[in-house]
Amino acid sequence: MNSLNETAGMLRFLTAGSVDDGKSTLIGRLLWESGGVYEDQLEAVRKASVGRDGAADLSLITDGLKVEREQAITIDVAYRYFSTPRRKFIIADTPGHDQYTRNMVTGASNADLAVLLVDARKGLLEQTRRHAYIIWLLGIRHIVLAVNKMDLVGYDQRVFTTICDVFEQSTAFMDTVKKYFVPLSALCGENIVRRSPNLGWYDGPTLLEMLETVPVPQGSGSGDFRFPVQNVVRPDPDFRGYAGQIVSGKVQAGQEVIALPSGRKSSVEQILLYKQTLGEAIAPQSVVLTLKDHIDLGRGDMLVDPDHIPVVANQFLAELIWMSREPLKKGVPYLIRHAAQVLCCTVIEVVHGLDFQTFASHEVETLQLNAIGKVRIVTHKAMFFDAYSSNRATGSFIMIDPATNDTVGAGMVCAENLAVHDSAPYQATVPLPGTHSTGLTVWFTGLSGAGKTTICDSVYTELLALGFRVEVLDGDVIRRKLNSDLGFSQKDRDENVRRIAFVAQLLASHGVVVLVAAISPYRAVREEIRKDNPNFIEVYVNAPLEICEQRDPKGLYKRARNKEIQKFTGIDDPYEPPLVPEVECRTDSEMVKASSARVVSAIQFFFASRLNKDKGQAMPCPDAGEAGIAEQSRVRSNREDYL
Amino acid sequence: MSQQLSHLDLLEAESIYILREVAAEFARPAMLYSIGKDSSVMLRLAQKAFYPGKIPFPFLHIDTTYKFREMIEFRDANCRRLGIDLIVHTNIEAIQSGANPFKLGTKRCCALLKTQALLDALKLHRIDAAIGGARRDEEKSRAKERVFSFRDAFGQWDPKNQRPELWSLYNGRVDERQSIRVFPLSNWTETDVWQYIAREDIPVVPLYFAKKREVLVRGNLIIPLEHEFELRENEKPQQVMCRMRSLGCTYCTGAILSEADTVPKIIAELQQFRRSERENRIIDHDQEGSMELKKREGYF
Ligand SMILES: Nc1nc2c(ncn2[C@@H]2O[C@H](COP(=O)(O)OP(=O)(O)O)[C@@H](O)[C@H]2O)c(=O)[nH]1
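The listed protein sequences correspond, in order, to chains S and X.
So in this note's numbering, spot 143 of the first sequence is number 143, and the numbers just go up one at a time.
So in this note's numbering, spot 76 of the second sequence is number 1076, and the numbers just go up one at a time.
It is possible that part of the hints are untrue.
Claimed, not checked - Below, a list of computed lysine-lysine pairs in the BS3-like style, where the Cα atoms sit at most 25 Å apart:
| hint | chain 1 | residue 1 | chain 2 | residue 2 |
| --- | --- | --- | --- | --- |
| 1 | S | Lys-491 | S | Lys-374 |
| 2 | S | Lys-491 | X | Lys-1054 |
| 3 | S | Lys-275 | X | Lys-1054 |
| 4 | S | Lys-554 | X | Lys-1211 |
| 5 | X | Lys-1160 | X | Lys-1211 |
| 6 | S | Lys-593 | S | Lys-481 |
| 7 | S | Lys-292 | X | Lys-1054 |
| 8 | S | Lys-265 | S | Lys-491 |
| 9 | X | Lys-1265 | S | Lys-481 |
| 10 | X | Lys-1211 | S | Lys-563 |
| 11 | S | Lys-491 | S | Lys-481 |
Hints listed in this document are in silico derivations from the structure and should not be mistaken for laboratory results.
Here the structure is a predicted model, which is why all the values come from computation and not from measurement.
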């Protein structure tokens, strides 16, 4: 193995090509000639080659998994390592087939350069152009077109120039990309590390020379300062530091910074890297920062350069690559992982899809596996981002399906969003495209064991019988699925409520009546979500603590009393009852049926009054008492009119 | 002041970022501590990630009871000195019924004393993220391993069905009993590890340094003699100048002939090596594609 200088830099690159273009052979060759393959690995390869064609096959060095070796194809991204005295290299070896676009995207996401392989005999294939496009889309700014198998075309210079010309033409629009061209033979080891007299007409650098000399952005601290907070470091009350990675730009001690989302200003007091105190730190260093002022920052917040702040919005356009067998569904909740944040989101519009043949956009309903398209996304709270083209770290996100926990999409924020900087927050009350009249969120709050789920179930059955479209969002279920990353601190509880409210509002925008059963102990956040949502009814499910504790259906009170659970609502965490709920159900003194009937009638009144309002008639707001039940039959018979 | 970060700085920054993600995203993470050089590097990275705070998760050592004495001494001294919360787990049942590689063969022995013990320990301590020191350059099947690698409720890995992993956005979401294996050293090579040990002056087990040791030479394997070892006919222990390139159980870790008795000498030796480090591990070669099989079952 070649010695690697301790101060050498690092280059991450991607290799792509169609099947049999010689990608595995090329990588095997690169590793072999730079000493990156050990002899016993080669021996193991020799052992495995027997049965194929007998001779040691360099391509087997890179074909990792057994399944793949048996089928002799590469199906997943594999990472390879080698180094020269000048640089350490990380190769993302990505498969060529159409159906593996997602793997190619994965490999490209961290690469600074791409080696695109072409078989000299076949010339540029459709697939090569598709690969080039993905590479460009993923923000790689150096492409090496490696024209392989020159030995099979008699080392003909014209073959090489023709391929280069065609490539230049068909990728002319990628004007931000620097393109390099090299003729080679992977099999014979020509122009990879060593030159060859057979290619004497070529006077450019070998492939390895290119890899060693292209300028790398990694580790140079370019771009605007962005520091997503990963953890708060608080070893003792006197020290409060923020741990994170500088994802772009640099920071100096004493420098002013702005904290997002609060917008508060402070300046950096200290930059710590373990026991060292630094005067300056640059991307991508992982450090701990302390601030002059005490501002309360937590995971997911971001410190940024006050002169160049990112876009703060909860609606944006993005290029989305779909990676799941289940097509993208509009209007349903997904999770977004962006910087150090997790947000709840939905796709409200598929603006267009991308046609790989023409690179033109075309109309699509949704995105299928491996498809790429531009979408409009709404998140449940503000995201702080830059365009992907200017910042890969703050412009990228992944999408997760909360039902399966799978990563289903990869997104890149479009530059057009810079224009929507000041746009008003998204309101689900504006009917979403393709939807009809808006439904309603019915929010059941109360202590654990007060009877929220029971009343909810009963209301659910009644509403279904009445012909409503209904959905129940049960706090316990949501916590297991959508919000499994949240705990029971005040911050997490509030976040839990906000996300549930967001999902409820989404469903409601499709005409669904959404029944939410969640303890939601804090008044402030309940008021906040009510303020944002005109289609909202609050139901206070009220039973005294003693009764709830007696019922203790899940054994939680007992565990809380035994101190097995901390911060349990009612025991050692407060419950703040609503001041003016639309409905109050006293489950200690009233039958379930009676409670649920009052809720149903309140719901019906809500729709009836909205109908009347639309018609220009004022309607008194029901106090959801006896009058509600009395009016019930009348409203019920009118149901078709307002749904 | 303009600076350019070295490859070690870049690797360090990435690993620290990963460790902090684990601490933030999981309820009960633990670091798999195998006492070797990779674990020593991980330990330093974890100190750096949370300094001036404490490392917020325990270390877990799966002790097969066939480890080198020097390893155990090093482990105990190191953890005590640094105030690390150490959990040691052994498959006592298997040991009591006499599990050893001679009786069971290396495959069965590993399955019981390492894989099974690890899965039991993860279950016992309800660990939802197990941080391991595996590197992608070690073995072919590891080249495709994710940094956050999903394990089902039985601790198994499905190489054909891995979550896509993009940018540095790791998806660590799991349901109950599922878990994630995390590999912060994914992008490090053996040389990187030694260069970092040199740069940071990280203590490692003395077994890595060459000295005269009592060993048995069998074929091209050099087996250090520590626990009782069944000699074959005509076999005799000898004193040989050698060192360990990787550390495992005494029976299954071969030594290499070497004069390298300092870190710089080890790095210099590595530059000349054309034999990969795991070759001396018997377990990797007992079956074609064997590491992948072990990994699918839950081995690190
Ligand atoms: N003649 C010649 N054959 C090559 C060259 N590079 C690769 N090959 C052969 O092309 C076939 C496919 O190569 P492989 O590396 O497996 O392709 P991959 O599918 O892109 O990984 C193998 O039979 C190689 O030996 C080359 O430069 N010249």
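For each hint, the structure was consulted:
1. A threshold of 25 Å between alpha carbons decides the hint, and for Lys-491 (chain S) with Lys-374 (chain S) the separation of about 33 Å lies outside it, so the pair is violated.
2. With a CA separation close to 24 Å, the supplied pair Lys-491 (chain S) and Lys-1054 (chain X) stays within the 25 Å bound.
3. For the hint pairing Lys-275 (chain S) with Lys-1054 (chain X), the CA-to-CA distance comes to about 13 Å; that is within 25 Å, so the pair holds.
4. Restraint check for Lys-554 (chain S) and Lys-1211 (chain X): not satisfied, since their Cα atoms lie roughly 62 Å apart, outside the 25 Å limit.
5. A hinted pair counts as satisfied when its Cα atoms are at most 25 Å apart, and Lys-1160 (chain X) with Lys-1211 (chain X) does not qualify at roughly 44 Å.
6. Restraint check: the Cα-Cα separation between Lys-593 (chain S) and Lys-481 (chain S) comes to about 30 Å, which exceeds 25 Å; the hinted pair is violated.
7. Note on Lys-292 (chain S) and Lys-1054 (chain X): the hinted pairing holds, with a Cα-Cα distance of about 23 Å set against a maximum of 25 Å.
8. For the suggested pair Lys-265 (chain S) and Lys-491 (chain S), the alpha carbons sit about 22 Å apart, so the restraint of at most 25 Å is met.
9. A distance of roughly 53 Å separates the Cα atoms of Lys-1265 (chain X) and Lys-481 (chain S); the hinted pair therefore is violated under the 25 Å criterion.
10. With a C-alpha separation of about 55 Å, the suggested pair Lys-1211 (chain X) and Lys-563 (chain S) falls outside the 25 Å cut-off, and the hint is violated.
11. Distance restraint check for Lys-491 (chain S) and Lys-481 (chain S): the Cα-Cα separation of roughly 18 Å lies within the 25 Å cut-off, and the hinted pair is therefore satisfied.
The structure is inconsistent with the numbered hints 1, 4, 5, 6, 9 and 10, although it conforms to all the rest.
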